[in-house]
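So the sequence lines, in the order shown, correspond to chains S and C.
Following the working numbering, the numbering of the first sequence begins with 14 at its first residue and continues without gaps.
Following the working numbering, the numbering of the second sequence begins with 14 at its first residue and continues without gaps.
Hints should not be assumed to be uniformly reliable.
Label-pair restraints from in silico Cβ distances [what the hints assert, rightly or not]:
| no. | chain 1 | residue 1 | chain 2 | residue 2 | range |
| --- | --- | --- | --- | --- | --- |
| 1 | S | H49 | C | N200 | 38 to 44 angstroms |
| 2 | S | G82 | C | W105 | 53 to 59 angstroms |
| 3 | S | A47 | C | E181 | 52 to 58 angstroms |
| 4 | S | W108 | C | N200 | 49 to 55 angstroms |
| 5 | S | S36 | C | D202 | 47 to 53 angstroms |
| 6 | C | H124 | S | P33 | 31 to 37 angstroms |
If you're looking for bench data, these hints aren't it; they were derived computationally from the structure.
Please read all numbers here as calculations on a predicted model, not as lab measurements.
C-beta atoms are modelled at their ideal positions from N, C-alpha and C, and glycine is treated no differently.
Number of protein chains: 2
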Amino acid sequence: MIGKVRFSITMSLDGFVSGPNQSEQNPLGMGGMALHEWLFGLEAWRKSHGEGGGVVNPSTPVVEELESGYGAVVMGRNMFGPIRGPWKDESWRGWWGSDPPYHTPVFVLTHHERGSLQMEGGTTFHFVTDGIEAALARARSAAGQRDVLIAGGASVIQQYLAARLVDEFQISLVPLLLGDGERLLENLDGSIGLEQVEVIEAPRVTHLKYRCIDR
Amino acid sequence: MIGKVRFSITMSLDGFVSGPNQSEQNPLGMGGMALHEWLFGLEAWRKSHGEGGGVVNPSTPVVEELESGYGAVVMGRNMFGPIRGPWKDESWRGWWGSDPPYHTPVFVLTHHERGSLQMEGGTTFHFVTDGIEAALARARSAAGQRDVLIAGGASVIQQYLAARLVDEFQISLVPLLLGDGERLLENLDGSIGLEQVEVIEAPRVTHLKYRCIDR
Chain S
14 MIGKVRFSIT MSLDGFVSGP NQSEQNPLGM GGMALHEWLF GLEAWRKSHG
64 EGGGVVNPST PVVEELESGY GAVVMGRNMF GPIRGPWKDE SWRGWWGSDP
114 PYHTPVFVLT HHERGSLQME GGTTFHFVTD GIEAALARAR SAAGQRDVLI
164 AGGASVIQQY LAARLVDEFQ ISLVPLLLGD GERLLENLDG SIGLEQVEVI
214 EAPRVTHLKY RCIDR
Chain C
14 MIGKVRFSIT MSLDGFVSGP NQSEQNPLGM GGMALHEWLF GLEAWRKSHG
64 EGGGVVNPST PVVEELESGY GAVVMGRNMF GPIRGPWKDE SWRGWWGSDP
114 PYHTPVFVLT HHERGSLQME GGTTFHFVTD GIEAALARAR SAAGQRDVLI
164 AGGASVIQQY LAARLVDEFQ ISLVPLLLGD GERLLENLDG SIGLEQVEVI
214 EAPRVTHLKY RCIDR
């Protein structure tokens, strides 16, 4: 029994996972925060981010499933931070403060070497410079029988989809038109086979789960 | 009580309503027929297109609702046929044979005048050269208290959405990546407010209904 490679991401109805003009002040771009409105009010999400209150609704089991069952994470460098090019120093330690919400090893894809970064709560960032397959191999090894979560962003997800390395994914589709930004499903050649696995209707979002199949 | 202005269209998970390289032989483009696989096997669809057999499943009420309740149709010229520029003669009478599946007046948006075309079964094609608002006004008048159906294609739907003239729409989202073709939701500025109304999970498709709201 080996874990799955999966991702889970919120997408606007017109296909964007972040709005235009991303910056350090606005990492999700213009309008991008509205993508996650369905999430921020949930008790399940607030609890795992150290906040009280919140509601329980059909999105709750979706978030609980997403936040459990994985043993390692892979993410792109732009998801880790806004710095481009070589690391100037070691001061940037991610968007998430001293205790990031991952609590597992996180493999950050980058072209620039950097030493591992141990955070509180079990998260350790490892910087991988030899490509998506090497990063996945290390993540699989760290995850053992648990899943590997491809955290994003869009470009990293596209690369893993194109390489046929994703087993399953979930898109949380929100009734929002962003008009511009970073598209999730592009640069894909149309030969990737998908199977619809499960659909969950919830307030202000529909969670769609798909399996990748050979065809 | 006035009818709604609505559209209903099948879209790939990556946002396309037809594949690349549309032609007279292949009006939905490469891979575009696969978009409608969920539909062609349905008894409800086969019956309204003069064919026997077929299955009943959760898509059935969706198709029945789509095919009833409207009193007029608006479509773009490219949806009516493959001819571009002035009409050379009157020989092109649509893709659908002598008895098109609309059974109401159909207003075709074009820059080139042409006399109305009465078909069997109650469909009459009218060619409208003075823009989307004029076409909608004529369609509303013909529909009376029934709905006006914006049949497509993508560009026409975008124009009506951008002009805030759509009340409600349904996207039948299929687990397919086309990679290229005609995108439904682009050229839109992101200020259109949407409300998720209903979600229906069915074999090989998810039907998502949204309402357009001011915000």
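Check: Which numbered hints are broken by the structure, listed smallest first?
Finding: 1, 3, 4, 5
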